[in-house]
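**Q** Chains as they are written, first to last, in numbering that gives the first Met the number 0: chain A, 0 to 293; chain B, 0 to 225.
Hints are not guaranteed to be accurate.
Pulled a few chain B residues facing chain A out of the computed Cβ check, cut under 10 Å [claimed, not checked]:
no., residue
1, P152
2, K167
3, Y182
On the chain A side, residues computed to face chain B include the following (Cβ under 8 Å) [stated by the list, open to error]:
no., residue
4, K2
5, S104
6, K117
7, P118
8, D142
9, L143
10, S232
FYI, nobody ran anything at the bench for these hints, they're computed from the structure.
Note that the Cβ used here is the ideal one computed from N, Cα and C, for glycine as well.
Listed here are the chains, written in short residue letters.
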Amino acid sequence: MSKLKEALEAGHFPLVAEIKPPKGVARDGWLSPVSDLKGKVAAFGVPDNEHARMKLSALAAAVLVQQAGGEPVLHLACRDRNRLALESDLLGAGALGLENILAVSGDYVTLGDHPQAKPVYDADSVQLLQIARGLMAGHDSADLPLAGNPNFFLGAVLIPEAEPLGPQLLKFRKKVAAGAQFFVTPPIFDLDKFRRFRESLGDQPVKILACVKVVSPEEVAQAATGQHRKVYSLPAAVLQELAGKDPEETLLKGAAVAGDLLKKIRAEKLADGAYVKAQGRSDLLARVLEAAGV
Amino acid sequence: MIIAERKPFQEIKEAVAPFEKILIVGCGTCVAICLAGGEKEVGLLASQLKLALGLEGKRPEIGEITVERQCDLEFIRPLCDFIADYDAIISTACGAGVQFLGELCHMKPLFPALNTTFIGVNETVGFYTERCRACHNCYLGVTGGICPVTMCPKGLLNGPCGGNVQGKCEVDPARTCAWCDIYERLEREGRLGQIEKILPLHPHDRTTTPGAVIHPAYRRRYGGHE
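Just chain B, with the same shape it has in the complex:
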């Protein structure tokens, strides 16, 4: 899932301070799970803004609504009429959700409440770690299910750098070296042979932004975008 963190409150407050009617739109999927932008966090942000702006003598009207996913038109289209009543929108979605919502309410100032950080996993409550860089060319089948692009800070494809000390990463000694992990797992599985071959340069052309994917079944319909 997408992991995000809330922006410093001061930054959000300064962005919306000039407006009198502010709508905070939450997102109920990834950012709700990582406790950054779901319904509860929307409520918390609304209360904080009311208090902080109140101390400055302002009495803004702050609306709250949370949809299932802001990255899906099906869920945000019904917001159109609702948005019309407000001067400014705060989105607590990831960067994708904020932009998709923005396309819908393009006449309103829109502000993100989160910094989107990475694609990761929910290790345990409140602890999320990165697993995928969305590199368009998954190596996990070759590298024993451990991603060298993400788990090695240098993204090295052909083995460890010379900086790991006793199997710990040069960049963060608290972490194990991704390539030591890859080697150990494949050795245990008797599959070391598959990393003896030199992996070629990564095809970065595929990661040219903004990316687009058309499902094979829909190529005829959206062929113009291929």
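Looking at chain A on its own, in the form it has when it is part of the complex:
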């Protein structure tokens, strides 16, 4: 059974640390968070061609995480696969013992490094969750029986700062109805906004992992010039703390900020767990956890 699921259900406020599959087949470096932190975090998030930039297959990376002793959360993007490939990869994940699946639409291809690629989106994230549910129940999307059912702990994305919020909540309700059991948010920096969102959301039959992120120097520079275009806000106070430093200092300070946010989210029980993004760097992840008192 998924350790992440167990920890969430037991109310242990588990952490998921995101790793960054490389553009290439190198095995050194990007897997170090697994060996360094596997005692402190419940699972490791494995993005699937994140930001539409081609990387090592998330499924392969998830298996490498598993071999290194970590429990992966496999992201599965609708952008790159039709329903046959989605189902086939889900069965592959199931056969390899990967249970945690995060169903995402996937950033559009023109935003990434293969802008002329054909975008697929044969299924959307709601339909992908339905497909995964179907596989768990023993049939594929064509209603054909399986020889052995996979077992998944299904997740999806929830956008607390969406404006307008109505359409996102519509999608959230559909994701819950389609079988999502946990949700991951984009990075949270504005706790007031997140607090208000949690109050308006009320009790839900799902677990929420709040994302905390070590902001990259590039993102700080974008925000300073008003070019920050993300589904989350970077409050002026946070920017002030991060501005005017060299890149490495920005990251170190960003880790302290993320750690502080994580500490508060945990203390206030604003989420059931957290998803930590720290550029995939072991040292930064460790600093976030240290600053949070984990």
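For this one, chain A is given, so just place chain B on it according to the hints.
**A** Just chain B, lined up with the frame of chain A:
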């Protein structure tokens, strides 16, 4: 209507440069409205070709004719005799018109002058925007008259992706998110309930190309194609 854009002149010129008698066939419907392949554009292309090929010392004979629609046999069949006098044909129709004309003049080299872009609308003079992907399964009745297949770059059927920022599309910040538009319109109309139901996977088998439609009244006549 079908929207198209003219190909780069250099590409058209290189395609027909080896020929001495060239006929440019225009199309008087969609591509005339979007100022890409009607009678005026045929005349312009003919003049450009004469000038450009003339500078290379060539003196091709370039004929011009524009028919009502190249996607209709009724209008292109009368061209048969006319075409016989030429070595090569340039069609300024959409891809459908070019191919239909090609079936008629299959012994002649045929070149398209346009890149066909989409099914869209004439917003105002010179400004055309896409509205339909011809997906064979219209959702407009459910989605408040705004097409999620076309207006959402990802073609998502069950709500917005997580990438829109303040209601603007992840792909093009100048555009509003199609799903935010759908939600707003249905909310205004008090019909939000109809998008609460999860739409199933799209039936892509219907879009297997090349498509064919037989009007119910003609099924007996063309039954063999069903």
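**Q** Confirm or reject each hint.
**A** To see whether the hints hold, each was checked on the structure:
1. Below 10 Å, beta-carbon pairs count as interface contacts, and P152/B has one with chain A at about 6 Å; its hint therefore holds.
2. At its closest, the beta carbon of K167/B sits 9 Å from a beta carbon of chain A; the interface hint therefore holds under the 10 Å criterion.
3. Using the Cβ-Cβ criterion of 10 Å, the hint placing Y182/B at the interface with chain A is satisfied: the shortest such distance is roughly 4 Å.
4. Of the supplied interface hints, the one on K2/A is violated, with its beta-carbon coming no nearer than about 26 Å to a beta-carbon of chain B, more than 8 Å.
5. Interface restraint check for S104/A: the shortest CB-CB distance to chain B comes to about 4 Å, inside 8 Å, so the restraint holds.
6. Given the 8 Å rule on beta carbons, the hint for K117/A is violated: about 12 Å separates it from the nearest Cβ of chain B.
7. Checking P118/A against chain B: minimum C-beta separation of about 7 Å stays under 8 Å; hint holds.
8. A distance limit of 8 Å between C-beta atoms decides the matter here; for D142/A the minimum to chain B is near 12 Å, and the interface restraint is violated.
9. This hint is violated: L143/A has a C-beta 14 Å from the nearest C-beta of chain B, more than the 8 Å allowed.
10. Of the supplied interface hints, the one on S232/A is violated, with its beta-carbon coming no nearer than about 10 Å to a beta-carbon of chain B, more than 8 Å.
Of the numbered hints given earlier, the model fails hints 4, 6, 8, 9 and 10; all others are met.
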